[in-house]
Amino acid sequence: MRSNLMIWFLLTGALSASAQEMSLSLDEARAYAVQHNTQMQTSQLNIADGRTTLQSRTSVGLPQLSASVGYNHFITLPTSLIPAEFFGGEPGDFAEVQFGTPENMTAGISASQLLFSGPYIYGVQAAKVYVELLQQQDKVTANDVKKNVELAYYTVLIAQKMAQIAGENLEVVNQTLHEVSEMNKAGFVEEIDVNRLEMTSANLSNILANASRQEVFAKNLLKYQMGMDLSQEIVLTDSLEQLEQGLVLLQNDQNFLNRPEFQVMETTKRLNELNVQVNKSSYLPTLAVFGSYEQAAQRNEFNFFDGNEPWFETFLVGVQLNVPIFSGMDKKAAIESAQIGYDKAVVAEQTLKQSVQLEIAQYTTDYLNAKDDLATQQSTIELANKIFNTAYVKYREGLGSSLELTQAQGDLLAAQANYINALYSLLNAQTNLKKALGYL
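In this text, residue positions in the sequence shown follow the working numbering: the first is 810, and each later residue adds one.
Simulated from the structure, these hints should not be mistaken for laboratory data. Worth double-checking, as some hints may not be accurate.
[As the list claims (entries may be wrong)] Dumping the calculated DSS-like pairs for lysine-lysine here, alpha-carbon to alpha-carbon at most 27 angstroms:
1) K1078 x K994
2) K1078 x K1153
3) K948 x K1243
4) K937 x K1180
[Unchecked claim] Estimated spans, in silico, between C-beta atoms of each pair:
5) S834 x F925: 13 to 23 angstroms
6) Q829 x Q873: 54 to 64 angstroms
7) V1044 x Q848: 24 to 34 angstroms
8) V981 x E1050: 47 to 57 angstroms
9) S868 x E1050: 32 to 42 angstroms
10) T1199 x N1064: 44 to 54 angstroms
The beta-carbon is built from N, C-alpha and C at its ideal position, and this holds for glycine as well.
Start from the sequences, fold in the hints, and give me the full structure.
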């Protein structure tokens, strides 16, 4: 019974650990980041806030309806002075009289409707364009997030590959060290040969430990870029070999003009144009209609709910036209400022186009250089492998020295590291080029 419980706990523990692990391809990592990255969440909140602003601007032009109830209790009625001669008194004298009732109540409803307002019309249009601008900025943010996730994903794979290479080399060196130690005990090799291999083993152990720690940090960086809890365990399903096979030379087909940054600049220009129109329309009249209905009651005592007592009603409708005549130079200055804002947006768009073209030229150069470097490092690693195998065989047969073997081992490790770094540079260059060309 106890053994059955132990097996059950082991199985459930294994299943729990497996359930906590998340497998991620590069595409899945990008998709997760778009949903969970904090910058993306902030961007979505900005869009929601923009829509709220649009609703607020639009509501100004909708019918405005309000109701009111008022109650006044006069502890002392107001006193007025009127000529005493009205009551037969002497001319020049005044009589004190009190008008009204101590209990007063009013209840009414009022409504108004804006019929025409230039700033309102253009302001609503500007609010709609502002929401579009926020949505386009959201796409820019998404591209930045996806780029950062790609680069972080590559960093994890590089750290894993370096740890793998160090581990494989360490295994070979330790095996050779064991064999050489036995040969030293038998008197076939000198102790210095053992010492050289021990130094190589220690260095490789240090490289392996550093690569393992770097992998942990790189995974945390990836999770941070994705907006994932750092305690979440992840396993990357794409390998460097798969990503290398997927490398393609991107073509500059002017697709970069579809980058969301250009859409942002175009929308910014439209927004500034509308800002000019908003300020120009402030010279136009504003027209509105309004109406109100009110009932009032005056009583000597609080009996407003007595249906037999009268209420007196007032009902009115009206039209209000406001015509701006002179407001100093404020409106003129506002129009000029808005026009300057538009001109600045035009210049910014031209600057963006030039900077993107420069980016494309730079990243294309980086990509081609990295591609050539990778091919060179591929040849170098093949040659280093050949040299190491030859040195290993010669040493086993007593024809080579331990110095030659450790040198060949070091050259092979350096060639492998250079190849991995060249591949990392190529992947980074392609990601940067994809973003510059608008393919990300």
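Status of the hints after comparison with the structure:
{"no.": "1", "hint": "K1078 x K994", "in the structure": "83 angstroms, violated"}
{"no.": "2", "hint": "K1078 x K1153", "in the structure": "9 angstroms, holds"}
{"no.": "3", "hint": "K948 x K1243", "in the structure": "15 angstroms, holds"}
{"no.": "4", "hint": "K937 x K1180", "in the structure": "46 angstroms, violated"}
{"no.": "5", "hint": "S834 x F925: 13 to 23 angstroms", "in the structure": "57 angstroms, violated"}
{"no.": "6", "hint": "Q829 x Q873: 54 to 64 angstroms", "in the structure": "56 angstroms, holds"}
{"no.": "7", "hint": "V1044 x Q848: 24 to 34 angstroms", "in the structure": "25 angstroms, holds"}
{"no.": "8", "hint": "V981 x E1050: 47 to 57 angstroms", "in the structure": "21 angstroms, violated"}
{"no.": "9", "hint": "S868 x E1050: 32 to 42 angstroms", "in the structure": "59 angstroms, violated"}
{"no.": "10", "hint": "T1199 x N1064: 44 to 54 angstroms", "in the structure": "50 angstroms, holds"}
Violated hints for the displayed structure, listed by number in ascending order: 1, 4, 5, 8, 9.
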